[in-house]
Amino acid sequence: MSTSFREVFDKHARYVWRSLLGLGVHERDVPDASQQVFLVVHHRLASDQVPAGALRTFVYGVCLRVASDFRRRAHRRHERLVADPPEPSQPADQERAAWHRQALSQLDAVLAGLPAPQRAAFVMYEIEELSMNEVASALGCPVQTAYSRLHAARRVVMAALGDPGDDGGGQSRRRPGEAT
Amino acid sequence: MNGPESPPRLRLSAPPGSALAAGLSAARARGPSDAQLRALEAGIAVSLGAAAAGAGLSAARGQAPAPAVAPAPAVAPVFASAGALKLAAVFVALAAAASGVTMFRYRQRRDVVQRSSPVATAPFARLADAPAPAAPIAPAGQPLPVVEPRVTRAEHPGRTRHGADELALIARAQRSLASDPAAALALVEDNRRLLAQSSFAQEAEVIAVAALARLGRTDEAAARAARFVARFPDSVHAARMRRVAAIGRDAIIN
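Chains A and B, in that order, give the protein sequences.
In this text, residue positions in the first sequence follow the working numbering: the first is 1, and each later residue adds one.
In this text, residue positions in the second sequence follow the working numbering: the first is 1, and each later residue adds one.
Everything labelled a hint here was simulated from the structure, so no lab data went into it.
Keep in mind that the hints are not guaranteed to be accurate.
What the hints assert, rightly or not - Stretch by stretch, here's where chain A covers chain B in the computed footprint (C-beta under 8 Å, at least three residues):
| hint | segment |
| --- | --- |
| 1 | 28 to 34 |
| 2 | 39 to 46 |
| 3 | 232 to 240 |
From the three backbone atoms N, C-alpha and C, an ideal C-beta is built for every residue, glycine too.
Based on the sequences and whatever the hints tell you, model everything.
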């Protein structure tokens, strides 16, 4: 299978960007982190170190490492990290958009409290919707381990963001006409 | 190699209206804007360096590399005056800008076998990052892993217009930029209207500016770069066009 860097970029740029956000890289750092991911990918492609057919998980694995580097750096200047949550790029009516932003920032806050491997499993499976085999391969762990990480993360997330009827998150939640 | 059965995604099983459903759907929807994406692309191109973007990427894919940018030695001796430095600076600025254009070429060549190849990036990253002044165009002592500037056939704009899309036009113009800037300029000019309406309008202008500079028409290059900046202030190429415009002005003053 021949793969050009150009193709890889076109195919994965949005996904890399989004994943880095999900993995806890601050919005401000995401452009730099994305660039770093692609420089690594370029280097590996050029030196033929990318296993055929495993590009997606390979790219995701790079994201994981880069995100971890950036998170570590961010800890040293955490006082600057309280900022508005990133806005979804979709146009939406304001009330609904506000609700989504609020929910997203709650989700991000919960994810931020998870151990990194659990968070990674959750983001890859629930947001990027990789298969569990892909998740395990990107994490470099057995599939069973990936499952247990995912389940642990799901328990925490569901407890925090719960059902509409529950008050699991301990916060009052508005629910304007939600159509999904 | 199947594990236990995959659980249904939370996004689908979460109660509609829950913060969970909203948060997950918002998390899936976020991402870079088109402008951010282009800026990222340009940043990567600059980091890889103009020539590396051309030679490295093509070599990595087993292509005959097309001339990337600046085969400047052929051009430089022509300008022996103080203006030569300014002109060199224009090229340096353009080298980085053109790398962005170069990347677009790869969209159309997708059928080539990948081959391993070392990618020399460092000198080009420096070249691309160099603030405008002084740097001679060819990095001293560093053989460009470029690229025999291929002696192009005369470009026939008329034929191109029928034969290929805008991207192919841009690719051809970019390819002949090094060896025959006049042809590159003609190609872009003859197809001006077509290109202006395409999504490669900016790249076409960048090529035109580069071609003018190569032809020694520094004033025109600077003026056109200035118009570019006025028209596309947010373009990923704007910073470099701004630099070219500024350098050109200085060249005129001195």
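Subject >> Hint numbers contradicted by this structure >> reply: Number 3 only.
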